[in-house]
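There are 2 protein chains.
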Amino acid sequence: MKKIINAVDDFVSEQMQGMALAYPDLRVSLDPKYIARMDLPQAGKVALISGGGSGHEPLHAGFVGTGMLAAACPGEIFTSPTPDQLYEAARIVASDAGVLLLIKNYTGDVLNFETATELIHAEGIPIQTVLVDDDIAVKSAIKTAGRRGTGSTVITEKIAGAAAEAGYDLDTCAEIARRVNRNGRSMGLALTSCTVPAAGKVTFQLATDEIEVGIGIHGEPGIRRESLMSADKMTERLTEEILSDNSYSRVIREWDRINGTWLEREIVDETLGRGDEVIALVNSMGGTPISELYIVYRKLVELCDAHGIKIIRNLIGPYITSLDMQGFSITLVKFDDELIKLWDAPVKTPALRWGI
Amino acid sequence: MKKIINAVDDFVSEQMQGMALAYPDLRVSLDPKYIARMDLPQAGKVALISGGGSGHEPLHAGFVGTGMLAAACPGEIFTSPTPDQLYEAARIVASDAGVLLLIKNYTGDVLNFETATELIHAEGIPIQTVLVDDDIAVKSAIKTAGRRGTGSTVITEKIAGAAAEAGYDLDTCAEIARRVNRNGRSMGLALTSCTVPAAGKVTFQLATDEIEVGIGIHGEPGIRRESLMSADKMTERLTEEILSDNSYSRVIREWDRINGTWLEREIVDETLGRGDEVIALVNSMGGTPISELYIVYRKLVELCDAHGIKIIRNLIGPYITSLDMQGFSITLVKFDDELIKLWDAPVKTPALRWGI
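Protein chains in written order, with our numbering: chain A, 1 to 356; chain B, 357 to 712.
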């Protein structure tokens with residue numbers, strides 16, 4: 001294993017120490033681990049909090065700042081943060097306007113975020129939860145705990161963060177975040193496996209002429225292994241799956257903040273088709289350089305055009321990664337006027353910044 | 357070779373087509389190849405132009421926009437752009453205030469940029485040239501054409517671009533850019549070689565327990581091959597070399613715009629030591645994820661502290677890369693009040709953006 005690291009066990013904390021030094025306007029706590037805005041709480045402003053396993057940088061810590069996350073809680077690599085991290089982060093940034101908790105749909109995350117929700121509620125802080133489950137590669141709720149949360153997380157954090165910054169109330173922020181998720185679809189592929197430091201070797205082996213299509217962000221297996229193909233074919237492979245996925249229905253749990261209990265609710269994806277406008281995220285899995293992403297974007301525009309779908313915003317680069325994995329993912333989120341306005345709002349974080 | 361590409365020969369043009377689609381406010385020409393600001397020329401504003409081989413993305417095309425480059429000319433991978441590209445780009449963006457041409461110090465680039473300078477001068481456009489040669493790994497003018505231009509290029513483009521945006525005249529912009537170069541030092545190392553698409557295989561072989569220290573951005577060999585070491589040791593290895601390099605002197609060529617001829621001039625690096633303030637660039641070579649860069653930054657701050665040098669600005673991420681190479685480089689540029697002000701000025705480009 002070749003990495004720029006010291007002791008494997010120090011990977012997350014040393015990375016956080018580096019961030020603390022690089023961004024002195026962020027509050028970095030190592031015990032429990034969270035990165036938070038220094039200028040919160042602010043009366044009337046919802047605090048958007050997320051987190052998840054490390055190894056997906058810049059997600060989530062790189063998105064903490066004005067107009068995006070109030071706080072992020074990193075777990076160990078590919079491991080959920082613990083409830084106490086989320087609880088302590090919430091206590092630091094929450095005002096009377098409450099906390100919106102963004103949960104990527106993985107079994108461990110859901111378990112710990114749900115416990116944290118109950119702790120934060122018991123503290124008297126109004127809280128709402130939003131589950132992100134946009135990865136269309138995995139549909140079966142039998143094989144896994146439903147679809148995984150991937151690229152839409154980035155878009156949701158930007159938009160819900162802008163809503164919070166604009167002073168929208170908790171229920172409205174939650175409604176907007178859920179809308180982004182229902183409007184979003186993602187799929188990715190890998191040219192190489194990532195190498196988890198603690199394992200010291202690649203998570204899966206791929207031959208020099210093989211790719212893994214439908215990959216997860218933790219090195220989970222994809223839909224199938226296929227032969228190495230051209231960038232255009234890869235882009236077509238993912239885009240056609242994304243564009244043929246519609247009206248996916250599933251039952252999810254959401255916190256009922258009035259009654260202090262969990263509700264099961266059926267949610268159905270919005271349709272995506274001719275005449276729709278989208279934001280396109282072309283995301284590097286970590287080891288793929290940006291030059292190759294532009295080649296993907298070129299073909300993606302052509303394919304969307306052919307389907308009558310117009311890309312009106314784009315984000316191209318490494319935003320939700322899997323350590324050093326080579327590969328990319330595509331996320332399309334249907335946009336409406338309100339989502340465009342919130343997307344365009346100023347943001348200032350380590351990884352995403354404009355207007356400030 | 358595993359890459360997200362189509363035909364090898366289309367790598368650069370397809371990437372540019374992707375950029376054209378992603379950034380409709382940029383003018384992308386495929387014949388000759390350049391990316392330029394759409395809102396230039398503007399009377400009284402110097403046009404900052406650079407370029408170089410492709411494969412170092414986001415450099416240079418990713419830095420075209422308000423407050424940075426007026427235009428960038430990409431060559432084929434690791435190959436200089438031709439004089440006609442630079443000449444045509446200059447004709448598109450130059451006002452009466454003239455053109456400042458930034459040249460990374462490589463034999464091919466210098467040759468073609470010098471020819472372009474003469475063509476642009478013959479067109480009646482005032483022109484100044486600035487050579488960037490900050491890579492302290494290579495000092496001998498016998499072995500190579502002097503020190504290579506690497507990380508300081510990014511800092512120079514931001515600062516000279518801000519000076520041009522602020523309406524500084526050509527000679528002042530040139531003086532500021534040269535000051536950044538005299539104030540800057542860089543060094544890098546590689547964990548893996550890059551793979552040039554046309555070659556189809558790695559440029560050099562490294563064993564699983566080896567790194568190459570003092571690497572160039574084209575896969576040029578480093579100072580020496582060493583054993584794999586910890587992130588802290590790697591950071592120390594580069595930082596100590598950078599901090600012990602002082603008062604490097606060399607003779608370079610600069611265009612004499614009054615007499616229309618080349619002048620040879622001796623330039624000497626500014627000292628860097630106790631009490632100085634710097635910007636630190638911790639740069640991924642392309643395949644190294646940002647998480648590892650923060651571990652480097654953590655140690656870099658400690659080492660600079662021990663030397664009495666204060667890092668007052670930082671830039672951490674992939675900015676001047678070598679395709680998919682894993683590794684990193686460190687650049688330190690001594691800052692003064694004017695350089696800080698220009699660094700902080702608003703910028704809006706695909707790869708670097710704030711305040712707009």
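By construction, these hints were calculated from the structure, which means they are not laboratory data. Please read these numbers as outputs of a predicted model, since none were measured by experiment. You may find that some hints are simply not true.
[Stated by the list, open to error] As a list, the in silico DSS-like pairs of lysine-lysine whose alpha-carbon atoms are at most 27 angstroms apart:
#1 B:Lys589 with A:Lys2
#2 B:Lys495 with A:Lys201
#3 B:Lys557 with B:Lys358
#4 B:Lys358 with B:Lys495
#5 B:Lys697 with A:Lys2
[What the hints assert, rightly or not] Stretch-level coverage of chain B by chain A, calculated; a stretch enters the list once three of its residues show a Cβ under 8 angstroms from a Cβ in chain A:
#6 466-476
#7 603-615
For glycine and all other residues, C-beta sits at the position ideal for the given N, C-alpha and C.
Given pair status - Lys2 (chain A), Lys697 (chain B), alpha carbons within 27 angstroms: 39 angstroms, violated
For Lys557 (chain B) and Lys358 (chain B), compute the direct alpha-carbon distance and say whether it is at most 27 angstroms. 9 angstroms, holds
Examine the stretch 603-615 of chain B for residues whose CB is less than 8 angstroms from any CB of chain A, and state whether their number is three or more. Check failed, 0 qualifying residues.
Are Lys358 (chain B) and Lys495 (chain B) close enough, with their CA atoms no more than 27 angstroms apart? 35 angstroms, violated
Lys589 (chain B) paired with Lys2 (chain A) [C-alpha distance capped at 27 angstroms]: 14 angstroms, holds
Report holds or violated for chain A covering the stretch 466-476 of chain B, Cβ cut-off 8 angstroms, minimum 3 residues. violated (count 0)
Is Lys495 (chain B) within 27 angstroms of Lys201 (chain A), Cα to Cα? 38 angstroms, violated
Hint compliance for this structure: hints 2, 4, 5, 6 and 7 are not met, and every other hint is.
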